[in-house]
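**Q** Sequence:
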Amino acid sequence: MEYIIGLISFLLGIASGYFIAYGKEKGKNRALKEDIESLEDQKQQVQIKYTRELEDLKKDNALNIELRKHKYEEKKIQFAKLFTLLDKFHAKSNEILMERFGPIYSKFMENYLVNDESTQNEAIAEFNQSMMGLFGELNQEHLKLTTETNSIRLISSEVLDDHLDQLTAKVGEATNTAQEMLKMMASPEFWANQTILYPLQIKAEEQGREIIFVRDNIRKQMKDELDQI
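Here the sequence shown is numbered in our numbering, starting from 1 and rising by one per residue.
Since the hints were derived computationally from the structure, they do not count as laboratory data.
Every residue gets a Cβ at the ideal spot worked out from N, C-alpha and C, and that includes glycine.
Treat each hint with caution, since some may be false.
[Said to hold, decoys possible] Computed Cβ-Cβ distance ranges for the label pairs, DEER-style: (1) K69 - L143: 29 to 39 Å; (2) L54 - K223: 34 to 44 Å; (3) E189 - M132: 17 to 27 Å; (4) P199 - K223: 35 to 45 Å; (5) F190 - I155: 39 to 49 Å; (6) D116 - E95: 29 to 39 Å; (7) Q42 - E73: 39 to 49 Å; (8) K107 - R68: 55 to 65 Å; (9) K69 - R153: 17 to 27 Å; (10) R52 - K220: 37 to 47 Å; (11) E189 - K71: 53 to 63 Å; (12) D224 - K107: 46 to 56 Å; (13) D224 - R52: 31 to 41 Å; (14) K223 - N128: 44 to 54 Å.
All chains, please: the whole structure from these sequences, using the hints.
**A** Structure below.
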């Protein structure tokens with residue numbers, strides 16, 4: 001009997017040890033499972049955060065690209081407009097000096113050489129009026145170019161500003177020379193001796209070369225600034 005009781009007690013001890021060990025191992029497994037689940041949750045949170053940040057970066061990058069594209073297009077349009085007006089200004093100056101003045105002068109001389117004081121006075125008045133019209137057109141083109149130059153300064157660098165200062169000065173000098181030529185061509189001295197215009201012609205040609213040099217520097221600087229956007 002005692003043997004049986006001892007055996008049962010022994011078996012119960014083994015069983016209780018097994019269940020205790022099993023319970024501990026099960027607890028470890030549960031804790032490990034919870035750890036794995038926690039790590040998986042953290043992984044998911046990291047992935048969500050990374051995905052969100054990546055999407056934000058993509059949006060910011062796309063917005064930055066659009067802004068740079070818009071800035072590039074705006075600058076390109078402004079730069080191109082300046083060169084268009086500059087070319088137009090030179091074309092207008094050449095038209096006034098080389099094309100428009102000739103017919104005005106020929107008509108004036110035709111009427112002025114008539115041996116009639118009244119006809120001569122009318123010829124002088126008409127000639128002066130025509131010359132004032134040419135002055136007005138030249139100044140108007142100069143004003144357009146100056147206005148456009150000032151508007152570009154809002155988006156230009158300091159280097160480009162310096163070039164624009166040079167351009168403004170050179171174009172102003174060339175405009176003054178053109179006006180001097182027109183005034184001289186409207187004078188009795190020129191009617192008597194047209195060679196007196198030569199010094200101003202030489203001066204105008206030199207100013208034209210200087211403007212071309214400055215213009216080329218501006219074009220190069222504008223290209224560099226567009227490439228940097």
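**Q** With reference to the structure, classify each hint as holding or not holding.
**A** Structure-based check of all given hints:
For the pair K69 and L143, the supplied restraint of 29 to 39 Å holds, since their beta-carbon distance comes to about 32 Å. A beta carbon spacing of about 35 Å between L54 and K223 agrees with the range 34 to 44 Å that was offered as a hint. As the Cβ distance of E189 to M132 is approximately 19 Å, the hint placing it in 17 to 27 Å holds. For P199 paired with K223, a C-beta distance near 37 Å keeps the hint of 35 to 45 Å intact.
With their beta carbons about 45 Å apart, F190 and I155 fall inside the hinted range of 39 to 49 Å. At about 32 Å, the beta-carbon gap between D116 and E95 stays in the expected band of 29 to 39 Å. Checked against the given bound of 39 to 49 Å, the beta carbons of Q42 and E73, roughly 46 Å apart, stay inside it. Between K107 and R68 the Cβ separation comes to about 57 Å, which falls inside the hinted range of 55 to 65 Å.
Taking the beta carbon of each, K69 and R153 are about 23 Å apart, inside 17 to 27 Å as hinted. A C-beta distance of roughly 45 Å is found between R52 and K220, which places it inside the suggested range of 37 to 47 Å. As the Cβ distance of E189 to K71 is approximately 54 Å, the hint placing it in 53 to 63 Å holds. For D224 paired with K107, a C-beta distance near 50 Å keeps the hint of 46 to 56 Å intact.
Between D224 and R52 the beta carbons are some 39 Å apart, a value that agrees with the proposed interval 31 to 41 Å. At about 45 Å, the CB distance of K223 to N128 agrees with the hint of 44 to 54 Å.
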